[in-house]
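**Student:** Residue numbers (full-length UniProt numbering), protein chains in the order written: chain C, 1 to 152; chain F, 1 to 178; chain P, 1 to 216.
These are calculated hints, taken from the structure and not from any lab test.
Idealized CB from N, CA, C, for every residue including glycine.
One thing to keep in mind: the hints can contain errors.
Unchecked claim - Facing chain P, according to a computed beta carbon distance under 8 angstroms, are these residues of chain C, among others: (1) 124; (2) 125; (3) 128; (4) 129; (5) 130; (6) 131; (7) 139; (8) 140; (9) 141; (10) 142.
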Amino acid sequence: MTTNSATPVLKLSSTSFMAIFGLWVINKAGGLVYQRNFADGLAQLTANEYLVLAGTLHGIHAITSRLSPIPGQSSGAQVIEGETFKINVLLTLTGTKFVLLTSPAEPASTIDTLLQKIYSTYAEKVMQNPFHTPEMPIRSEAFDVSLGGLIG
Amino acid sequence: MSHHLFILSPSDTPIYNLTYSSTKPTPTTISPLSSNLPTWSTSAFAGTLTALSGASSTTQHTTGGGVRIGGGQDRHVIQMIANASLDAVEDVMRKESTMYLKSVDKFNEWTVSAFITPGNTKFVLLHEAKNDEAIKSFFLEVWELYVKTMLNPFYSNQQMIRSSTFDTRVRTSAKKYL
Amino acid sequence: MNSSLDHLSPTTSSARFSLPSKSTSASRPNIYERNLNKSRLSEVSAPSFSFLFSEIVQYTQKRVSGINDLERRLNTLGYRVGSRVLEITAYRAEFSSKAPKREIRLLPALMAIHTQVWRAVYGKPADAIEKSVENVDEYMIIDNDPLIERHISVPRDFAGLSCSSFSAGIVEAVLDGLGFPARVTAHHTPTSTYPTRTTILIKLEKSVLDREDILK
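Next up, chain C with everything else stripped away, as it sits in the complex (with noise of 0.2 angstroms):
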């Protein structure tokens, strides 16, 4: 699926840029629990802007894998690709979705890769603690630390 990003933020002079802007983890009821960007490039948006973008993209989700001509078998949108970024979606079996901002020429093994390991890192350092209520916003310093290292 593709859609044009309506207010370009910033214009790329190449189009070989890559970057990777951000990550929101969305949980299965549509809440955004995790937001962190890793670089510059996109809009800065309040806390509450990113909350209702986060429902707004869980709702699309939701239409575009009821359109799959497959009923209940479509993971439903996987990239949403803009002009100068792109929104790849990783849906677990739990509902759970990895939202990774990158820029358009990211590859997409670089991204399958990453969003594979952004999820093992989730199941370990925040489905593993103690003190993380699921469904619940993260707050982990183990899982920050990792992401850290996975993104940079």
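Given the coordinates of chain C, work out where chains F and P should sit on it, guided by the hints.
**Tutor:** Positioned in the frame of chain C, the structure of chains F and P alone reads:
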């Protein structure tokens, strides 16, 4: 010839006991009374003890012809001997690093051997004949059974061991070695 | 009473908790028939242990009033593990020996905890063992990256909590069993290279030092 096994928890609570009468013949050599007594014990004291414990102290005539005072086959006396030996056991186990402590104490016809597990559970065996190697093998098998009992999450080392399998297995080992 | 037990009975249980049927459990060998050395080298999956330990901490956390209480309960749970670990590791090490031995001196016992016990429980020896400079009755076992804390992030309002209190309980049980009663606590002592570095502090009872003096 009978054997008495007591298992005591680290806090010295009895958690298992077994009386086993072996069918193996009693050795013919019977040492005289004096050598069977611990050094601190006089025969007079032993007599008092027997009287105190209310043992059916039918004086036994041994083949040697001498008269044995307090033939300690009575349950109370057995328990008392086992308990009294604990002091001796504790004394030795502080200095000796082996788990098997053979003949730590003697009282009348009884010799007391002990086995200390690393977790400080004590196996105390009262026996009449000297049979070190067999007793060691017996203790090792009981130890194995004890470790297996400990692996049960519902068992703690302060509780009585009530498993019938444990009991059967210990009896089998006793039959094999004693 | 009856209704509350209903969901536990195998006939009404949901598919989520599948209980083995009677016939399979009957064919499984009794613990007394199993060889204790057979599972010596077998390992447990780290994530499944992590999930279990995480549940243990959550379960305990719901039933305590503060950090100290939580640490104490984790210590108690570790103690139960430690008393068993001591027996089984010693059994595996000594069973085939001609004269099985117990450890009766302090330093070898501490070394055994650092090496054998750690290896049996966490699959690797601890990283260091130190004697306190200030207090003669204190020893420290240091683990740079404790396995049980690898995925735990203690929130700020729990500052000072160390889930390694569980390991401290194991150490306490082993020392107690060997006849070196001590109070064992766990402390988070991070360095820049090892953010989860933990020190297990052993404070020995006076009787232990007195005995060591005599045995010297």
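**Student:** Determine for every hint whether it applies to the structure shown.
**Tutor:** How the hints compare with the structure:
For residue 124 of chain C, the shortest C-beta to C-beta distance to chain P is roughly 5 angstroms, which falls under 8 angstroms, so the interface hint holds. With a least beta-carbon distance of about 5 angstroms to chain P, the hint placing residue 125 of chain C at the interface is held under the 8 angstroms criterion. For residue 128 of chain C, the interface hint holds, since its Cβ comes within 8 angstroms of a Cβ in chain P; the closest pair sits about 4 angstroms apart. Nearest Cβ of chain P to the Cβ of residue 129 of chain C: about 5 angstroms, under the 8 angstroms cut. The hint holds.
The restraint placing residue 130 of chain C at the interface with chain P holds, with a minimum CB-CB distance near 4 angstroms, inside the 8 angstroms limit. For residue 131 of chain C, the shortest C-beta to C-beta distance to chain P is roughly 5 angstroms, which falls under 8 angstroms, so the interface hint holds. The closest approach between the C-beta of residue 139 of chain C and any C-beta of chain P is roughly 6 angstroms, which is under the 8 angstroms cut-off, so the hint is satisfied. The restraint placing residue 140 of chain C at the interface with chain P holds, with a minimum CB-CB distance near 4 angstroms, inside the 8 angstroms limit.
Interface hint at residue 141 of chain C: satisfied, since its Cβ lies 5 angstroms from the closest Cβ of chain P, which is below the 8 angstroms cut-off. Taken as an interface hint, residue 142 of chain C checks out: its beta carbon lies about 4 angstroms from the nearest beta carbon of chain P, inside 8 angstroms.
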